[in-house]
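In UniProt numbering, the protein residues as written are 1 to 109.
Since the hints were derived computationally from the structure, they do not count as laboratory data.
Straight-line alpha carbon distances no greater than 27 Å define the calculated BS3-like cross-link-like pairs of lysine-lysine that follow:
#1 LYS41 to LYS21
#2 LYS21 to LYS63
#3 LYS63 to LYS41
Taking CB as the label site, the calculated pair distances span:
#4 ALA100 to PRO68: 15 to 25 Å
#5 GLU49 to ARG26: 18 to 28 Å
#6 GLU99 to GLY36: 10 to 20 Å
#7 ALA52 to ARG86: 13 to 23 Å
#8 ASP10 to VAL47: 24 to 34 Å
#9 ASP25 to LEU82: 15 to 25 Å
#10 ALA92 to VAL47: 33 to 43 Å
#11 PRO68 to ALA34: 29 to 39 Å
#12 ARG37 to GLY78: 13 to 23 Å
#13 VAL75 to ASP25: 17 to 27 Å
#14 ASP10 to ALA34: 25 to 35 Å
#15 SER33 to THR79: 12 to 22 Å
As the structure is a computational prediction, the values presented were derived from the model and not from experiment.
Using N, Cα and C, we set each Cβ at its ideal position, and we do this for glycine too.
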Amino acid sequence: MTGPFRPRNDGVDLFVRLTPKAAMDRLEGIEISADGRSHLKARVRAVPENGAANQALERLVAKALEVPRSAVSVVAGGTARLKTLRISGDPAALARCIEALGGGPSAPR
1 MTGPFRPRND GVDLFVRLTP KAAMDRLEGI EISADGRSHL KARVRAVPEN
51 GAANQALERL VAKALEVPRS AVSVVAGGTA RLKTLRISGD PAALARCIEA
101 LGGGPSAPR
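All chains should be modelled from the sequences, with the hints used to inform the complete structure.
Listed below in structure tokens is the structure:
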């Protein structure tokens, strides 16, 4: 099993499974898919129109990791549920924060 992120020189790439139109904005821990890859589960109230759900996800992750909103951007999966977020900052510190958010992995889907 790999973690839900990949370190980079200037930050990390975070793999997220997003559910839009949820009752509340929240991060729900790490989930492992049937192919063995892991990702952070997230829910946002925003609808998936005109990038609103992606922007809500960027704000949610920035707040959770205590980084500026401008440090978080969707770089892959803009119209898909599985997304890659690029987060700028110290890779080691970001990795610790992501692992603290994750909790225990849940069962494969």
